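K.L.:
So the protein lines, in turn, are chains A and B.
Position 197 of the first sequence, counted from 1, bears residue number 196 in the numbering used here, the numbering being contiguous throughout.
Position 16 of the second sequence, counted from 1, bears residue number 1 in the numbering used here, the numbering being contiguous throughout.
Just so you know, the hints here were simulated from the structure itself, not pulled from any lab data.
Keep in mind the model is a prediction, meaning the values are calculated, not measured.
Mixed in with the good hints there might be a few duds.
To be verified - Straight line, CA to CA, 20 Å or less: simulated SDA-like cross-link-like pairs of lysine to any residue:
1. B:LYS17 to B:GLU87
2. B:LYS86 to A:ILE17
3. B:LYS17 to A:ILE17
4. B:LYS17 to B:ALA99
What the hints assert, rightly or not - Stretch-level coverage of chain A by chain B, calculated; a stretch enters the list once three of its residues show a Cβ under 8 Å from a Cβ in chain B:
5. 9 to 19
6. 44 to 52
7. 148 to 159
8. 166 to 180
9. 249 to 258
Cβ atoms here follow ideal geometry from the backbone N, Cα and C, with glycine treated the same way.
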Amino acid sequence: MTILFAVFLLTMLVITAIAIVRTPDLFAAVMLLGIFSLLMAANFFVLDAADVALTEAAVGAGISTVLFLGALALTAARERSSLAPPRLALVVVLITAATVVYATFDKPALGDPNAPVHQHVAPWYLEQTPVLIGIPNVVTAVLGSFRGYDTLGEVFVVFAAAIGVLFVLSGDRPLSAVFRPKDAPSTGGLKHHLIPRIVGKLLIPFILLFGFYVQFHGEYGPGGGFQAGAIIAAAVILYAVLEGEDRALVALPEPVLKGLVAGGALLYTAVGLVCMLLGGNFLEYSVLSADAVFGQQLGIILIEAGVGVAVTGVLLCIFHAFAARDNPA
Amino acid sequence: MQILGLYNYWVFVALLMIGFYAVIAKDNLIKKLIGLSIFQAAVFLLYISMDKVEGGTAPIIQPGAVDQIYSNPLPQVLILTAIVVGISTTALGLAIVVRIKEAYDTIEESEAAAMDREA
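With the sequences and hints as input, model every part of the structure.
P.N.:
Structure, rendered in structure tokens:
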């Protein structure tokens, strides 16, 4: 039964992707991309990746749709109809597809426990996580501790992307004015649409609560800073859409948002440096406490908080930078 | 079952190629970024397909469970962070498209390139 469901979900993914590429209406394409992400999240869940499914649902179906719509509002809602079907591109794509499909015949079947990918460090992670770190969620343990350098790098990539967006969108204006609309007064969100506004506002506290649960329960169940950051940002963006961006900027002012971006990345780095000051290696949490296992847990909770804060700040900064840009039309 | 065992990988190829096609064949810059998102999602699917172990469950250790098989946590960690990095880089791409629209008043690549040649 599960296999039928999985095949159905995978086939739907391909159909949705084809529809996205074929439609000339960019608005429809973005909406379909949201559906595509949700289907992808369902697929991840079927494949035992609960943490990844949660992230994909929050980021792909939530934040990404909002950002694409923000960009569409500033550019164009339709694609210009293409003149001739690009035959060369089709030929290149078909040849590449044939090559990659040929390569898949060498891959181990889905779920094969003897596949090379399951032989290397993964069994060690599964065996040692309860001993060395003592938390049930192995994904969080690998993310926060065993591969903590990697995650620090990712946080800085996200940090750099936010700085890039702010600089690119501030353009001729000073960077401090990037969240302020140039002249047009705020549209006030959906103030005159009573039903979405009432229903949406009812949802916001529960989305926030769920975001914090995902943040602080990440050691025991699916969750952690990346997912929580995206969910909390989604709640604030929903508020901004309903009440107007200026009201959202009153609740979370610009210096706070920029502080979140820098503070999250700094908190992560600071934990690593404190480990060094206490005589350990960079990000070696065991030295944070007399009990090495408790030190690991403390370190993971702190860096997950840093990740959550940084991701929330980055996504909100990007959203406000797009929202404050004037519509040229 | 052997045939269906590779079905995930074929869907990966199909999605990868749909995204690739959109990136190289479409003229509209937003459509190219959407194609890039699909391409990226295909890579995520490849990694997550590899983590599955037959009869396994999500890698969250259950106390007291004996001989429980868990799926591989490593690809999940890599993709978890990649999704958030992916949305940040897509946002950067969209910001550049917005600036291109303001500078050229078009988001079609060929029209902007034609203006560059005239200038």
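K.L.:
Let me make sure I understand: some of the numbered hints might not hold for this structure. Which ones are they, in numerical order?
P.N.:
Violated: hints 2, 9.
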